[in-house]
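J.: With chain Y fixed as given, assemble chain V with the ligands onto it according to the hints.
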Amino acid sequence: MTPYLEITDLQVEFPTQDGTVRAVQGLSYALPLGRTLAIVGESGSGKSVSSMAVMGLHDPRSTRITGSIKVGGKEIVGMSERNLMAFRGADASMIFQDPQSSLHPYFTIGDQIMESYRAHHRVSRKTAKARAIEMLDRVGIPNPGRRVDQYPHEFSGGMRQRAMIAMALVNDPKLLIADEPTTALDVTVQAQILDLIADLQRDFGSAVVFITHDLGVVAEIADDVLVMYAGNAVEHGPVKQILGTPLHPYTWGLLESIPAVSGTPGPLHPIPGSPPSLLAVPNGCAFHPRCEFRDRVADGLCGEKLPDLVARTADPDRLSRCHLTGPDRIFETDILPRLP
Amino acid sequence: MSTPLLELDDVTMHFRIKGDGLFSRGTNKVRAVDGVSLTLQPGETLGLVGESGCGKSTTARLITRLLEPTSGKINFDGTDIAHLSERQLRPFRRQIQLIFQDPYSSLNPRHTVGTIVGTALRTHDMVPKSGELKRVQELLEMVGLNPEHYNRYPHEFSGGQRQRIGIARALAARPKVIVADEPVSALDVSIQAQVMNLLENLRSELGIAFVFIAHDLGVVRHFCDRVAVMYLGRVVEEGPRDALYEQPHHPYTQALLSAVPDIGVVRGVPPRERIRLVGDVPSPVNPPSGCRFRTRCWKVQDICATAEPELAIPALVRPPAVPESPATAVTPDAVSASVPEPAAAMSGQLTACHFAAPPVAPVVAQPA
Ligand SMILES: Nc1ncnc2c1ncn2[C@@H]1O[C@H](COP(=O)(O)OP(=O)(O)OP(=O)(O)O)[C@@H](O)[C@H]1O
Ligand SMILES: Nc1ncnc2c1ncn2[C@@H]1O[C@H](COP(=O)(O)OP(=O)(O)OP(=O)(O)O)[C@@H](O)[C@H]1O
Ligand SMILES: [Mg+2]
Ligand SMILES: [Mg+2]
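Line by line, the protein sequences are chains Y and V.
According to numbering that gives the first Met the number 0, the stretch in the first sequence is residues 0 to 339, in order.
According to numbering that gives the first Met the number 0, the stretch in the second sequence is residues 0 to 367, in order.
Calculated from the structure, these hints are not laboratory results.
Cβ atoms here follow ideal geometry from the backbone N, Cα and C, with glycine treated the same way.
Heads up, some of the hints might be wrong.
What the hints assert, rightly or not - Here are a few chain Y residues that sit away from chain V, every Cβ distance over 12 Å (derived from the structure):
no. : residue
1   : Gln10
2   : Ser27
3   : Leu32
4   : Ser50
5   : Met54
6   : Ser61
7   : Ile64
8   : Ser67
9   : Arg87
10  : Arg117
11  : His119
12  : Val122
13  : Thr126
14  : Gln200
15  : Phe292
16  : Asp294
To be verified - Quick look at which bits of chain V chain Y covers, simulated, 3 or more residues with Cβ under 8 Å:
no. : region
17  : 187-197
18  : 271-279
Chain Y with its partners taken away, still in its complex shape (with noise of 0.2 Å):
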């Protein structure tokens, strides 16, 4: 399948008096519609960043793009805010983790819906608002056509949080990131809103990036998952495979760390060491000072020489970023059922 997503040797800098942060370093994934991508990785890892280059939402001045990315063909990057204009909301949308602050506090829930509506089509206002009426049906608001006068306060934080859905879809864009948008919300209303896009998804057939902390979420939604560590991504492939059987220590330690809704609670295994400063990442994998499995790897290897992204097992679809091989790497966590 071609991807309708295409992201090559993406590079993101932010030149500051500290010197220049390499928040994303490298970053090459695809995506096809019709499937959802989950992104997971330690804070400041590069999530956000990447996808907002994905949206050309970076300003120019201050950040250094290099790479490609390449949505339904188009090139964002350098594209001219004036096409990027058009671009966003039309062929992709993002939501955000608050809904609070993508909401004008003065501006009705139908006013906002409407305005990203006609902002892509020639329509009276009547007819755009009978386009937001029926967004805020599909996405599950109940009485559609009186809420749609009301304002971002008077809704509670779920139904905020479908109302940004319902303005993200309202130009049926082909790709759809949603960055983090479940944090906030109780578990029922995270489940809610997970069906909600899996509804939209397969009715659409739209490619979905879905960033999140929570590999519980992650095993439910995503075909796919891409582990990111210090800008860059050190596991991608099949979410059966990544969190079932990962093959890189970075992706068994998030599953480490994780405390079971069942079972006995013990304590904890976080991750040893803090994740590296984006200043002067390690020479090596990035991950090589954290990793408890590098003496493994022969001649100090991990310190010296990066692993590519490639497959490393029969399986052409899963790609690891790790030096170990064969039988060094079989992590068994107590978070997941024991492997036959």
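T.: Relative to chain Y, chain V with the ligands alone:
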């Protein structure tokens, strides 16, 4: 049972708001917290969970007396602090500390870590001026930060380290209770695990009691001795951790636990049976009569609209009497006439539901 350290007795917090102009004029009340009773023993950890907007943060701000309740008592160590003046509160402020969800916005970006923690020491007159530096360094060490970080600014730290600074600031006052409002929600799972282990140590080494608010039910289960479930301003179920997770009696608790995403599916565990709640939480301005959950409940009967169920040990209802459909409805008289359920009576698990009963199949799978 020993006397509780903290006791909320029928506490309400009603915010006055302007009418929305559409349906009403004049002022309305948001019943953010509407008759909440809770207890906390010294050194105990109480989890507070529930729907977004059900009043958890408001409860946290009441306990720490950042808000004055509309009515009700807040007993701390034998004194009702609900309506004390700022001056009268002074000796209590120190003992009840709040940590926030967002480590970024709760720390002054222009102050060094030393100043942030030192200010907390000074506010509460904890140490003489000469001992301040040493005590700050001790506190930084206690939360796993390098004492040499004294002169650094918050932006020079990672999210997890910033949360540690917030915790060090709370510890400066040597509190008896820490109210933690979503302290790990913004952190990735590895940093979350570091902070959770730190809180666990503080609890076992310093004997601090916690009120712990979170959406992640795995985190709550990990940390809390007891858990209270809130819905629309009220506590609907409360009990010891294991009883509540294994035998939730309130339909809302059952729905909540069934909605926890399960990572086991990646190794072929069949996904858990989901209870899908339909519709939205009603507005806290106009909560439903009787049981507030009735508008979304699959067990709903006429009585639910007329009588508000009390938070109590549920009566023993024989399985066929559970109203799976209206045809098999139980009358409220039949329920109240029956005996208390022995397991709930033993564990002290309280449920506010006319038809409280354990789920047919355990909601959370037992370890093999
Ligand atoms: N405008 C900017 N100037 C300088 N550094 C920046 C800027 N924007 C982001 N960064 C840095 O880039 C890195 C990547 O940030 P990003 O927001 O992508 O992280 P993330 O993976 O989304 O983390 P989280 O899980 O905490 O949301 C961080 O170290 C961040 O501090
Ligand atoms: N100052 C205020 N004025 C008016 N209404 C308020 C005020 N503070 C809170 N509320 C309302 O009270 C209710 C309870 O809010 P609260 O923040 O306690 O919920 P919560 O359980 O912490 O939710 P979340 O899980 O989303 O953090 C909400 O409906 C909220 O909108
Ligand atoms: Mg982010
Ligand atoms: Mg809150």
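J.: Look at each hint and say if it fits the structure.
T.: Taking the hints in turn, this is what the structure says about them:
no.: 1; hint: Gln10; verdict: holds, 22 Å
no.: 2; hint: Ser27; verdict: holds, 23 Å
no.: 3; hint: Leu32; verdict: holds, 24 Å
no.: 4; hint: Ser50; verdict: holds, 16 Å
no.: 5; hint: Met54; verdict: holds, 22 Å
no.: 6; hint: Ser61; verdict: holds, 17 Å
no.: 7; hint: Ile64; verdict: holds, 23 Å
no.: 8; hint: Ser67; verdict: holds, 28 Å
no.: 9; hint: Arg87; verdict: holds, 26 Å
no.: 10; hint: Arg117; verdict: holds, 25 Å
no.: 11; hint: His119; verdict: holds, 29 Å
no.: 12; hint: Val122; verdict: holds, 27 Å
no.: 13; hint: Thr126; verdict: holds, 24 Å
no.: 14; hint: Gln200; verdict: holds, 17 Å
no.: 15; hint: Phe292; verdict: holds, 16 Å
no.: 16; hint: Asp294; verdict: holds, 21 Å
no.: 17; hint: 187-197; verdict: holds (count 9)
no.: 18; hint: 271-279; verdict: holds (count 5)
Comparing the model with each numbered hint stated earlier shows that all of them hold.
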